[in-house]
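Trainee: With chain A held as given, fit chain B onto it using these hints.
Each chain, letter by letter, is given below.
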Amino acid sequence: MTQLPRWILPAAISVTVPLPSYAVQYLTVPAAQKLCFPESDQFVAAHVVFTPAQIKAIEAASEQKQVLRGQEIWRAMKGGKLQGFFIVDYVIGKHLVIDYAVALAPEGVVRQIEILNYRESYGGEIRNPDWRKQFVGKTPRSRFALNNGIANISGATLSSRHVTDGVRRILATYEVCLK
Amino acid sequence: MKLLPTSFSNRFKAIACGAFLVTTSSFVVAQSSSADQQTVSNAELLKEMKALEAKVATLEKRLAHYENTEMRNETAGTKLNANPHHDESPSKNSVATSSETAASPNERSLFGLGYRSHAVLSIGAYGELKFGGQDAPGGWKNGFDAARIVLLPTFQVTDSITFNAELEFEHGGIAEDDDDKLTGGIDVEQAFVDFKFNDYFNWRAPGVDVVPFGFINLFHEPTQFYSVNRPELYLGLIPSTWFEGSTSIYGKIVNNLNYQFQINTGLEDVGSKEGVPADRSPYEGGITGTEALGLARTPIGDFHQTKNAPGFALRLSYTPPIVPGLTGSSSVFFTPNITPRGAFADDGHSLGQNSVTMLDTELRYRVPRTGLEFRGEVADVIIGTPSNLRANNDGDPENNVGKHLWGFSLEAAYHLELSNRVRNGWELVPFYRYTYENLQTGGSAGIDDNLPTGQGRRQFHTFGLALFPTPQIVLKLDYQLALDDAPDSPRADHLLGAVGFFF
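As they're listed, the protein sequences go chains A and B.
Quick note on numbering: the first sequence equals residues 590 to 768 in this note's numbering.
Quick note on numbering: the second sequence equals residues 3 to 505 in this note's numbering.
Chain A extracted, bound-state conformation (with noise of 0.2 angstroms):
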C-alpha cells in the first residue's frame, strides 16, 4: 500500500458522505398514531395538566421521578368508539431526550411502544423490535423492570432503562388519570 492512499481513504469517506445530513426523527406523531391504531380514523387530543395530587400518586405507583407538568395524550376513536389512547412520553437515555410513544388499550393494556426520536450516539438498540415487544401486554398491576421481565441490552443499559421505567410511568399515568 502506497501510503498516499492510506490516508485518502479518510478524506474519501469525509468527502463522499451526504452532506445534508437531516433529522433521525424515527417516526413523526401522526405517523406513530397510525402504525399503533391502525383501525383508528381519528385522533383527539386529549392532553392532561397533572394536579400536585396526580404527580404524586404516579410517582407512588411508578416509583419514578414525574418531572413533566403533563402528558401528551390522544384518543384513538374508530367510528367514534374509542379504541385506546396513545400517549407521548420523553425520558434521558445516557445524556439526551427519548421521544417516545406508548399505545394503550382502552383498558390500560400496552398493545405497542414507538421510538419516535433518538439522538444519542450510542443505544440505538432500544429501537429493536424484539426489544421493544417486551412491553406488549403491560398492565398498570404488571410488576417490571429492567433485568425483570424487560431483558437488558448491553451497551444501552441506560437507554433501556430509562425506556422501562418510563412505560411503567406512564401506567400508573393511566391509574391515575385515564381510568
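It should be emphasised that the hints constitute simulated quantities derived from the structure, not laboratory data.
Just so it is clear, the structure is predicted and the values come from calculations on it, not from any experiment.
We treat Cβ as the ideally placed atom computed from N, Cα and C, and that holds for glycine.
From the structure, some residues in chain A lie toward chain B, with a derived Cβ separation under 8 angstroms: (1) K683; (2) H684; (3) S710; (4) E714; (5) D719; (6) S743; (7) G744.
Mentor: Chain B only, in chain A's frame:
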C-alpha cells in the same frame, strides 16, 4: 399550542374592550345629541367620566378574577378534553385529527422535557476511586488511587448532529510542582461529532474515539463490570482504554445486528511518546511479551504518530432473538504496518514492515427470569512478521513475542435483588472470573535469544462482590489471585475495594 382552546381571558378581554367602546360611543352620541338640546355642564361631564372609569375598573376586576380562575383550573388538573375515557365525540375545542396536531417531537413539547432536546450542553460523569492492598516484593502494600474521574460533555447540535467528548482525569490529575505529588494525567479520550443519517448509516467525523474492539473498550464505565479493575484481557492484550484519531461509520445491518467500521491511526511498535530516538539509543517496543499491547497505542497529539499506515477496525454486535438474554460482539482489527519510521534493532539493522491482526469475540448471557449471568471472551493478536518486532530485537531475551498473543476469560455472576432485605432497588452481584493469557507463544524471531521465563503465561482468579444501591453507583470489593509460569515471579495478588459511579 394553547392548552385551553378558547380561553376565558380572551373572551373577557373582548368583552371589556367592547364595553369600553360601546360606553364611549354612547357617551359621544349622548354628548352630540344633548348639544342640540342643551349645553351639558362640566360637572355633569366629570360625573359621566367617573362613572365610565368605575365601569372600566369593574370590568378589569372581573377580567382579573376570570384569569385567576383559569389558572387555578389549569393547575387543578383540568383535563383538556373533559373526559378522555367516556366522551367519545371530539371536542370542538380540541385538536381533532392527528394531522393537525401541533405537538410533534420536532417542535417544542407541551410540557417541557422535549424542549430540552436541543441546544443543551449535558455533562455526564463516571469515575472510580480505589483502595486496598496489593501483594508485591517485600510484602503487601496498602494505598489509595483516585483512579479516574471522567467528564462526558455532550451537545445536541440538531436532532442529527451530536458532539460527544470524554475528558479524563487519571490518578488524581497532574500538577507542575513536584511537592503537589500528583502523578496522574489528563486525557482527551473521546471528542467527535456524529452525523446521523438513518438506521443503517451514520458517520462519526474525524476525531478521537475509542476503537470498536471488544465490549469493555467501548463501554468501560465501572457499572459495566463487577471487578475493581477492568477485566484482565483489557489490561494489555486489548490496550484499554484504546482510543485513536479516527473516523467511522456505524448503524444496523438488520434487526439485532449492528456494525461499526473505523479507520484509525493504528498501533505502533514504540513505547514512548518521543518515538524512535534520533540518536539511535535503545528504546522500548510497543508490543512486548510482558506488557502485551499496553504501550502500542498511537499518540493523538501534535502529529506525533510514527508511521503512515492506518488501522481498520470492524465490530459487529448482535442480540440473537432465538436466545433471549444473549448478546455479544465480534471484532477484527488490522493494520498493515506497526513499525515506526527509523525503527532499528540493537545490532543496527532497520526493522521492516510488520502487520497486526486482532480478533475478539465476547458473549454476555443473562439467563431470563433468573439472576444468573455469564460472560465469556476470547482475544487473539496475530503478529505478521515477529522478526520485525522491536521486543525481539532489543537485547532482552525475556520479553520476546511469538506469532500470537492471546487469552480468554469466563465469568459467572448472580444478581441478587435486595428489595426485601435492605432497600428497594439495591442489587448485590457476587462474581467469579477466570482469565488465561499467553503473551509468548511460539514463533518468536529476531536477533534476541528467546528465553521466556513464563511470565507471559498468566492466570487470574478474580472473585468478589459488587453492590449497586442504584444503577448509577457501585461499591466493589474483590480478591484476585494472580499466577504466572515464571518460577521467581513476584506475587501480584490484590485485595481491592472501589467506589464507582456513572451518571
